[in-house]
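Keeping their order, the protein sequence lines are chains A and B.
Residue numbering for the first sequence follows my numbering, starting at 67 and increasing by one per position.
Residue numbering for the second sequence follows my numbering, starting at 1040 and increasing by one per position.
It should be emphasised that the hints constitute simulated quantities derived from the structure, not laboratory data.
These numbers were taken from a predicted model, which means no experiment stands behind them.
Every residue gets a Cβ at the ideal spot worked out from N, C-alpha and C, and that includes glycine.
Hints are not guaranteed to be accurate.
As the list claims (entries may be wrong) - Pairs of lysine-lysine, BS3-like flavour, derived with a Cα cap of 25 Å:
hint	chain 1	residue 1	chain 2	residue 2
1	A	K110	B	K1143
2	B	K1042	A	K102
3	A	K107	A	K88
4	B	K1091	A	K107
5	A	K107	B	K1143
6	A	K110	A	K75
7	B	K1143	A	K102
8	A	K106	B	K1091
9	A	K106	B	K1042
10	A	K106	B	K1143
As the list claims (entries may be wrong) - Which chain A residues face chain B? A few, computed with CB under 10 Å, are given here:
hint	residue
11	E119
12	I122
13	E124
14	T125
15	S160
As the list claims (entries may be wrong) - Derived CB-CB ranges, DEER-like:
hint	chain 1	residue 1	chain 2	residue 2	range
16	A	G82	B	A1056	46 to 54 Å
17	A	K107	B	S1150	39 to 47 Å
18	B	A1056	A	V78	39 to 47 Å
19	B	I1102	A	T68	31 to 39 Å
20	B	I1078	A	S105	12 to 20 Å
21	A	H139	B	T1095	31 to 39 Å
22	B	T1118	A	G82	45 to 53 Å
23	A	D136	B	E1097	30 to 38 Å
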Amino acid sequence: DTAVSQTPKYLVTQMGNDKSIKCEQNLGHDTMYWYKQDSKKFLKIMFSYNNKELIINETVPNRFSPKSPDKAHLNLHINSLELGDSAVYFCASSQDFSTEAFFGQGTRLTVV
Amino acid sequence: DAKTTQPPSMDCAEGRAANLPCNHSTISGNEYVYWYRQIHSQGPQYIIHGLKNNETNEMASLIITEDRKSSTLILPHATLRDTAVYYCIVTPRDQAGTALIFGKGTTLSVSS
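Based on the sequences and whatever the hints tell you, model everything.
Structural data, given as structure tokens:
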């Protein structure tokens, strides 16, 4: 079984649309993250949640809204998609006070 | 911003040891040194971490200088599958939800 799974793996959509990316972890971890990797390959933290509570919210447009229905899931909803949102989005999870994070395989979002 | 400095790229012959340096001269007493790698288009993968002492696992060894201002990741017998971007990250472990802050990393190319 995949430890951290993201769906979809690829997402192509038009500007202005609203889309969601789902993330699930079966490791029993308490903390989940979303990272963005742009075309220059820089990995940047967007959000982190611990026990369904938002811990980190970096300078991310409020068009991005994470939602954690339970500890095993952290979904990312994006409103009014823009060309600059095109990137690979990685979900990750870790146990409390440990930053040995496990990453999903990424979702490649392309906005056209 | 990342608190580490790494060479942008390194080459290694297959079967030889790959020694990847990392400078973290401003590391704090409560910060650990973590190493991750990202093989092309995949999610980052945890390799090893340490605080003060040298560490070894099935993937690699981590050598931390006595003053903790630098470290070296050693892949004892590099293979073609070790070609990846290697990230050295310093981070505390005292707060749930602490995120990994990735720098530019070192692109390791292993050739036959």
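Taking the hints in turn, this is what the structure says about them:
As the CA atoms of K110 (chain A) and K1143 (chain B) are separated by approximately 11 Å, the hinted pair is consistent with the 25 Å bound. At most 25 Å may separate the alpha-carbon atoms for a hinted pair to count; K1042 (chain B) and K102 (chain A) meet this at roughly 19 Å. About 22 Å separates the Cα atoms of K107 (chain A) and K88 (chain A), which keeps this hinted pair within 25 Å; it holds. Note on K1091 (chain B) and K107 (chain A): the hinted pairing is violated, with a Cα-Cα distance of about 30 Å set against a maximum of 25 Å.
With a C-alpha separation of about 8 Å, the suggested pair K107 (chain A) and K1143 (chain B) falls inside the 25 Å cut-off, and the hint holds. A C-alpha spacing of about 19 Å is found between K110 (chain A) and K75 (chain A), which places the hinted pair at or below 25 Å, so the restraint holds. Of the supplied pair hints, the one linking K1143 (chain B) and K102 (chain A) holds, its CA atoms being roughly 14 Å apart against a limit of 25 Å. Taken as a hint, the K106 (chain A) and K1091 (chain B) pair is broken in the structure, with Cα atoms around 33 Å apart against an allowance of 25 Å.
Among the hinted pairs, K106 (chain A) with K1042 (chain B) is consistent with the structure: their alpha-carbon atoms are about 19 Å apart, no more than 25 Å. Using a Cα cut-off of 25 Å, the hinted pair K106 (chain A) and K1143 (chain B) holds, with the two alpha carbons roughly 10 Å apart. The criterion of a C-beta within 10 Å of any C-beta in chain B is met by E119 (chain A), whose closest approach is roughly 8 Å, and the hint holds. The beta carbon of I122 (chain A) is positioned within 10 Å of a beta carbon in chain B (closest approach about 5 Å), and the interface hint is therefore held.
Annotation: E124 (chain A) was flagged as interfacial toward chain B, and the flag holds, the nearest CB pair being 8 Å apart, inside 10 Å. For the restraint placing T125 (chain A) at the interface with chain B, the shortest Cβ-Cβ distance is roughly 13 Å, beyond the 10 Å limit, so the hint is violated. The criterion of a C-beta within 10 Å of any C-beta in chain B is met by S160 (chain A), whose closest approach is roughly 9 Å, and the hint holds. Checked against the hint of 46 to 54 Å, the pair G82 (chain A) and A1056 (chain B) passes, with Cβ atoms roughly 52 Å apart.
The supplied range of 39 to 47 Å is broken by K107 (chain A) and S1150 (chain B), whose beta-carbon atoms lie about 21 Å from each other. Between A1056 (chain B) and V78 (chain A) the beta carbons are some 43 Å apart, a value that agrees with the proposed interval 39 to 47 Å. A hinted range of 31 to 39 Å holds for the C-beta pair I1102 (chain B) and T68 (chain A), which are about 33 Å apart. For I1078 (chain B) paired with S105 (chain A), a C-beta distance near 18 Å keeps the hint of 12 to 20 Å intact.
Hint check: H139 (chain A) to T1095 (chain B), Cβ distance near 35 Å, so the stated range 31 to 39 Å holds. The given range of 45 to 53 Å is respected by T1118 (chain B) and G82 (chain A), whose C-beta atoms sit roughly 46 Å from each other. Between D136 (chain A) and E1097 (chain B), the C-beta spacing of about 33 Å keeps the proposed range 30 to 38 Å intact.
Comparing the model with each earlier hint shows violations of hints 4, 8, 14, 17; every other hint is respected.
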